[in-house]
Amino acid sequence: MNSSNNNSEESSKDIIADLQSRNMVVQLAGGDELKSHLATDSRAVYCGFDPTASSLHIGSMVPLLALKRFQMAGHKPIALVGGATGMIGDPSFKDSERKLNSSDVISDWVEQLKPQLSQFLDFDCGENSAVLVNNLDWTKDYDVLSFLRDVGKHFAVNAMIQKESVKQRLEREGEGISFTEFSYMILQSFDFAELNKRYDCTVQIGGSDQWGNITGGIDLTRRMNQAQVYGATLPLVTKSDGTKFGKSESGTIWLDPNRTSPYAFYQFWLGTADADVYNFMKYFTFLSAHEIDAIETTDKASGTKPEAQGILARHVTELAHGEQGLTAATRISEALFSGDINSLTGDDLQQLELDGLPCSSIAADSAGIVEVLVATELAKSNKMAREFLGNNAVSVNGQLVTEPDFQFSAENALQGRYFVLKRGKKLFHLGKLAG
RNA sequence: GGAGGGGUUCCCGAGUGGCCAAAGGGAUCAGACUGUAAAUCUGACGCGCAAGCUUCGGUGGUUCAAAUCCACCCCCCUCCA
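Numbering (numbering that gives the first Met the number 0), first residue to last: 0 to 434.
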């Protein structure tokens, strides 16, 4: 596949080559110099994550796992949470100005992101233990005048407006950019210079949309610290069909199990298109490129359903939610998709609820199917509920239901009180008869 | 402060007095086919069982009738100062 690595022992030490073999390198700032820089010593590598919500989503896993890969190769990862930059909003490749969130909200999100960032990294492994930092720490007390003089002076507006990341925004009809967002690059650049000073951090990684901000930081670090630092960008995950990655019918796939259950998370990966799955394995798992290629070869030769999606789903779910989360997810999946729903015992059904299958109670009498579909959010209006019924899209305990006057009662419940509601092919909900 | 251009249903974007719940595309959802794929085809896509009701930045107004006209207000963009 690639001529420079007929010796796999050697190549595993070359983290850049390793990433390249996984199609994970978009751009390198420093090129060969960066490779030898990384080959000669353990380096501090940083990646920033801004609090734009109370949880990270799966898009953040690529850079986060990349930090982990650097750590496994002997380098020191620095996960930065953007308590400061999150206050400003990164304009890179965004087509419109974003609304600012209050500082209370942002600091709350920062706190929620910290454990998510931490879970993938090792903070107790000696020299190259990970570090978690918040850029608010070195910006909040910096006064405006000093900042403009010390930092701002190093930036040429001429160069800043040439950056591809903001260019389209500046040229876009009907949109503009505020000075606030325009300044984002300066803040992120300053982070790099600051981390270079504090931790001797010499490498920054990020999504390919971060190229402008990373090179800005490289320039600034050279000017402020007279130090040579490097950067690498990772691919933004895209899907072969052009639709947005990381969304499902129920919305964004979050890392927070309270927002996206391990089951829903697992199902998301299981639904990966064949055209994407091998690439995603390279991005999201620690299987070697060789192993992944082997799986692809086997799948292609088998002529039946590929194994890859299942492997991917298991690996990523375990990474994000641990062994327990994975067990719960597969238990639900098996019960709903391959088992006979009617043979589930009361314990099984209870376990499904504990495992995180969406669940709600149904009032004992006068519980019509239409109301229940809406109440359980399987349909978002009565009208849609009726439509689903008419389309043969609804089943209860494995039985197709098409009549809008279907009633729930102890007689047609499983174990006297449970209902497994299904809308469409993949959406399930557990109903419990109340009272 | 001045001049001009805009704000339409999730997104893009038509619509300039009735035929508009509002073209078209995208996204999404369901069904068929399948592998809990892809592609394709069919259907749905404000709410309501229905009669009908509520929408086109906001508030008032003109009119038998407004997303479309008028007034004021809010927000965005461009250029000038």
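Keep in mind that a hint or two might mislead.
Unchecked claim - FRET-style restraints, in silico, Cβ to Cβ:
no.	residue 1	residue 2	range
1	Gly175	Ala363	16 to 24 Å
2	Ser128	Glu174	39 to 47 Å
3	Phe336	Asn224	51 to 59 Å
4	Ser128	Ser380	28 to 36 Å
5	Asp149	Ser207	23 to 31 Å
6	Glu174	Glu306	40 to 48 Å
7	Asp240	Ser117	33 to 41 Å
8	Leu235	Lys113	20 to 28 Å
To be verified - As a list, the in silico DSS-like pairs of lysine-lysine whose alpha-carbon atoms are at most 30 Å apart:
no.	residue 1	residue 2
9	Lys246	Lys379
10	Lys152	Lys162
11	Lys113	Lys243
12	Lys93	Lys304
13	Lys238	Lys196
Hints were generated in silico from the structure; no laboratory data involved. In this text, a Cβ means the ideal position worked out from N, Cα and C, and glycines have one as well.
Evaluated hints:
For Gly175 and Ala363, the Cβ-Cβ distance of about 58 Å falls outside the hinted range of 16 to 24 Å, so the restraint is violated. Checked against the hint of 39 to 47 Å, the pair Ser128 and Glu174 passes, with Cβ atoms roughly 44 Å apart. A beta carbon spacing of about 56 Å between Phe336 and Asn224 agrees with the range 51 to 59 Å that was offered as a hint. Taken as a hint, the range 28 to 36 Å is violated for the pair Ser128 and Ser380, whose Cβ atoms sit roughly 52 Å apart.
Checking the proposed 23 to 31 Å range against Asp149 and Ser207 shows it holds: the Cβ atoms sit about 30 Å from each other. The given range of 40 to 48 Å is respected by Glu174 and Glu306, whose C-beta atoms sit roughly 46 Å from each other. Checked against the hint of 33 to 41 Å, the C-beta distance between Asp240 and Ser117 comes to roughly 34 Å, which is consistent with it. Restraint check, Leu235 to Lys113: a C-beta distance of roughly 24 Å satisfies the suggested window 20 to 28 Å.
Between the alpha carbons of Lys246 and Lys379 the distance comes to roughly 18 Å, so the proposed pair stays at or under 30 Å and holds. For the hint linking Lys152 to Lys162, the alpha-carbon distance of about 18 Å falls within 30 Å, and the restraint holds. With a CA separation close to 26 Å, the supplied pair Lys113 and Lys243 stays within the 30 Å bound. Proposed proximity of Lys93 and Lys304 is contradicted: the alpha carbons are some 38 Å apart, above 30 Å.
Our distance criterion of 30 Å between C-alpha atoms is broken by Lys238 and Lys196, whose separation comes to about 39 Å.
In this structure, the hints that do not hold are numbers 1, 4, 12 and 13, in rising order.
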